[in-house]
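Engineer: Could you build all of it, start to finish, from the sequences and the hints given here?
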Amino acid sequence: MRLLSTKATCNSHGQDSSYFLGWQEYEKNPYDEILNPKGIIQMGLAENQLSFDLLESWLAKNPDVSGFKRDGKSIFRELALFQDYHGLSSFKKALVDFMAEIRGNRVTFDPDHMVLTAGSTSANETLMFCLAEQGDAFLLPTPYYPGFDRDLKWRTGVEIVPIHCSSANNFKITEAALQQAYQEAEKLNLNVKGILVTNPSNPLGTTLSLEELNILVDFVNGHKNMHLISDEIYSGTVFNSPGFVSVMEVLNNRFSNRDQAIWDRVHVVYSLSKDLGLPGFRVGCIYSENDKVVAAATKMSSFGLVSSQTQYLLSTMLADKKFTKNYLVDNQKRLKRRQKMLVSGLMKTGMKCLESNAGLFCWVDMRHLLKSNTFEAEMELWKRIVYDVKLNISPGSSCHCSEPGWFRVCFANMSEETLKLAMKRFKSFVLSLSSDNGENKAYSKRNSLTKWVFRLSSNDHRHRDQEER
Amino acid sequence: MLSRKANKDSHGQDSSYFEGWQEYEKNPYHPIQNPLGIIQMGLAENQLSFDLLEYWLRRNSNTMALLKKDAVSAFRELALFQDYHGLPAFKDALVKFMTRMRGNKTKYSSDKLVLTAGATAANEILMFCLADPGHAFIVPTPYYPGFDRDLKWRTGVEIVPMHCSSSNGFRITREALEEAYELGQELNLKIKGVLVTNPSNPLGTTMTKTELIHLLDFAIDKNIHIVSDEIYSATVFDSSSSPTTTSFISIMEAVKERNNNNIRERVHMVYSLSKDLGVPGFRVGMIYSNNEIVVAAATKMSSFALVSSQTQFLLSNLLSDAKFTEKYMEENQRRLKRRREMLVRGLRNAGIGCLRSNAGLFCWVDMRHLLKSDSFEAEKELWKRILCEVGLNISAGSSCHCSQPGWFRICFANISEDTLQLAMQRMKAFTNSIVFSSANNHTIYNM
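Which chain is which? The protein sequence lines are A and B, in order.
Numbering-wise, UniProt numbering puts 210 at position 210 of the first sequence, and it's gapless, one number per residue.
Numbering-wise, UniProt numbering puts 175 at position 175 of the second sequence, and it's gapless, one number per residue.
The hints are simulated quantities; they were obtained by calculation from the structure and are not laboratory data.
Among the hints, a few may not be true.
Okay, the calculated beta carbon distance ranges per label pair [stated by the list, open to error]:
hint, chain 1, residue 1, chain 2, residue 2, range
1, B, Glu-175, A, Asp-112, 49 to 55 Å
2, A, Lys-336, B, Pro-31, 57 to 63 Å
3, A, Asn-191, B, Lys-190, 26 to 32 Å
As the structure is a prediction and not an experimental result, all values here were calculated from the model.
A virtual CB, placed ideally from N, CA and C, is assigned to each residue, including glycine.
Structural biologist: Below is the structure:
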């Protein structure tokens with residue numbers, strides 16, 4: 001009899017090994033403007049570090065809130081004891097209002113249909129436990145966030161079947177691709193319980209079009225017992241047209257009768273990790289009109305409740321409508337500016353990005369830099385960028401992209417100066433390539449090559465891996 | 001349309017437990033607004049020492065404002081900190097705190113610690129790491145009703161109860177362990193380990209050295225795991241001189257003395273700040289294990305239940321104040337002891353005895369003599385009377401899977417002294433009335 005469980009000893013926490021390598025290298029040699037100017041710049045972390053000053057100034061103006069005080073009185077005792085899995089009602093109210101605001105108040109949410117969870121990592125896993133059995137499958141459009149392999153599959157036993165999206169139509173979801181994925185699942189004898197999309201998309205940085213949303217809703221509506229999960233954690237990072245349309249809006253417009261079955265089968269996931277830049281506070285939620293899902297997910301949230309201290313702090317912050325309004329506008333302006341900086345910087349080196357209007361990253365086309373149209377060539381290019389150019393970016397294969405040569409490059413987790421430096425490094429790199437005339441001089445750095453190959457084949461368990469989206 | 005897990009009621013919430021809650025919520029006692037309402041004695045919370053924590057907070061207001069010792073803001077750093085290895089300063093403070101609190105008999109180290117959002121998450125994660133669906137853990141009865149959900153619901157792991165009896169003070173015996181193991185075999189379940197709560201909920205007792213030896217012998221013999229949920233470890237109040245000389249022996253101490261590397265790798269501890277510090281809302285739990293692979297897997301699984309960095313920061317500062325925590329532990333234990341004595345005296349006055357206890361936030365109360373018959377139906381009836389007529393919400397032994405009817409868990413640390421006194425008065429009035437009516441009705445009760 002084996003000592004530990006299968007889950008503890010398998011590798012299906014899904015953490016991709018190449019992804020790790022980049023992290024490891026960065027940790028060994030992190031860029032610092034003063035202390036380590038030649039170090040690796042971290043561009044693989046989808047964090048929003050652009051608007052902390054706005055949060056800090058709010059906190060400075062509201063010192064009582066962190067001091068466990070409400071109207072001058074200490075509520076420490078109340079908060080210390082509060083472990084009700086229904087969540088702090090003032091927080092849920094403030095959160096649904098915030099979500100509505102992000103959606104231009106075109107949709108409203110009912111706090112009683114919201115379940116709080118310790119981050120959207122927990123929300124997504126909980127939804128899997130509620131909607132699917134071990135061995136069932138969910139369809140996900142590629143490319144997708146690498147963490148889903150762990151979050152959706154590991155402890156739940158649920159499978160992911162990819163919906164292959166192609167650069168030919170800017171990675172949009174098509175009905176044909178959807179059908180194909182469904183048939184693929186059938187061939188594999190998997191019972192498809194639903195579709196999970198990230199809108200806005202990670203890693204694409206684009207919002208789903210109305211057309212795509214309708215395709216998804218129609219598909220789910222047309223299949224009995226199929227669900228649609230819309231992970232909308234980047235909804236507050238939309239900084240350009242065509243603007244964000246939530247799946248809830250589509251439902252509102254198309255299905256005015258709330259008794260229609262579709263209402264029970266669409267669920268939204270949200271979090272404050274990207275919009276507010278607070279991943280450390282572990283605030284996520286599930287929103288569903290399906291009472292049974294809400295009831296089951298609420299009980300399951302016992303395994304990942306949000307700290308009452310944090311619920312209280314954020315309930316007052318989000319209830320400050322003046323603050324949230326300004327924050328959302330300012331934050332979007334800053335993100336837009338940064339994205340422009342990255343896009344134009346890359347353009348100068350001959351690299352194009354997928355046209356994006358959201359997110360904390362760009363989806364960059366480096367196919368023309370590949371030695372061959374293969375994932376091996378993509379890996380090789382990636383390693384060069386990590387080791388030689390000293391930029392940690394995410395290769396498309398780690399996001400299950402079906403075409404080699406695409407990379408996700410983040411822009412909101414560093415200073416402007418650092419971003420500019422990164423652009424300079426890219427430029428030198430691309431210039432060096434063209435001066436090579438196809439004879440890759442980088443190959444002369446054989447030491448590094450062997451190092452990489454050796455590392456990939458050894459299974460180093462002591463890497464410091466981190467949460468990442 | 002939904003999963004079986006979502007549809008089943010096997011999140012295990014016992015219906016009488018629920019009912020009691022519901023009744024209480026409908027008619028909660030309040031000294032002024034509702035003096036005839038139901039007094040909540042079914043909640044194992046420690047509300048006795050908040051003033052001490054509030055005192056510390058007032059003197060360390062910078063910590064709440066997320067300012068470091070040099071008054072520099074840690075906000076940005078904390079806002080971004082989602083590393084599942086946990087805030088190093090917090091883990092350091094925790095292991096030092098645990099080492100001190102357990103009398104410096106075992107040194108705990110940060111790299112064996114995994115932080116989780118409460119012990120609820122910790123226990124479930126350990127099940128995911130140690131057992132596959134269909135495997136089982138032996139759990140001595142009576143046990144915390146929440147285990148039916150925490151250990152079984154999403155993991156598919158089964159619980160095989162190990163029946164403890166009042167005849168020997170509900171102590172764990174080698175025979176009972178073997179019997180449970182055989183039961184597991186009969187049910188075709190692979191037993192992966194034993195899970196104990198030490199100090200026990202609902203008994204309020206610490207495991208003796210003998211019990212720990214039996215447990216270790218058994219686990220070595222059967223080549224299985226031991227999970228020791230020690231969330232009540234700092235509520236032990238039988239110390240004569242200091243909090244560090246109590247009769248509490250941690251599983252980590254016991255296994256150290258064994259000097260057997262194999263069993264060392266199969267012993268895991270769960271802890272939390274919910275009971276000792278009385279902060280269940282902050283969701284701070286942890287797994288401690290000597291097994292590297294378990295620590296590695298549990299660390300990754302903790303992604304689904306990380307502790308808020310804001311909370312990690314606050315508590316790391318509080319716990320590193322050694323002077324404060326020592327004083328806190330001492331005073332907290334003193335208050336718990338006093339409260340427990342109040343409850344025991346009050347019950348004795350009403351002709352009711354308790355299991356002799358030295359820890360916890362509750363007493364395990366013997367009301368067998370008040371049952372109409374030696375059955376769980378009679379226990380339920382008595383429970384209902386106590387809830388509706390006496391106006392006390394207490395926990396029936398059957399909800400803790402006790403194999404003998406007539407035992408109840410009564411909490412003493414979640415209400416004020418006055419409320420406790422009132423509860424005791426109500427109890428006395430109740431038992432008097434039973435004696436009175438038995439005198440009239442010739443019904444025989446064993447007193």
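Engineer: Honestly, do Asn-191 (chain A) and Lys-190 (chain B) meet the 26 to 32 Å range at C-beta?
Structural biologist: holds (28 Å)
Engineer: Lying within 49 to 55 Å: is that true of the beta-carbon distance Glu-175 (chain B) to Asp-112 (chain A)?
Structural biologist: Taking Cβ atoms as reference, Glu-175 (chain B) and Asp-112 (chain A) lie about 51 Å apart, which means the hint holds.
Engineer: May I ask you to test the hint 57 to 63 Å on the CB atoms belonging to Lys-336 (chain A) and Pro-31 (chain B)?
Structural biologist: The hinted range 57 to 63 Å holds for Lys-336 (chain A) and Pro-31 (chain B), with Cβ atoms some 58 Å apart.
In the structure shown, no violation is registered for any of the earlier numbered hints.
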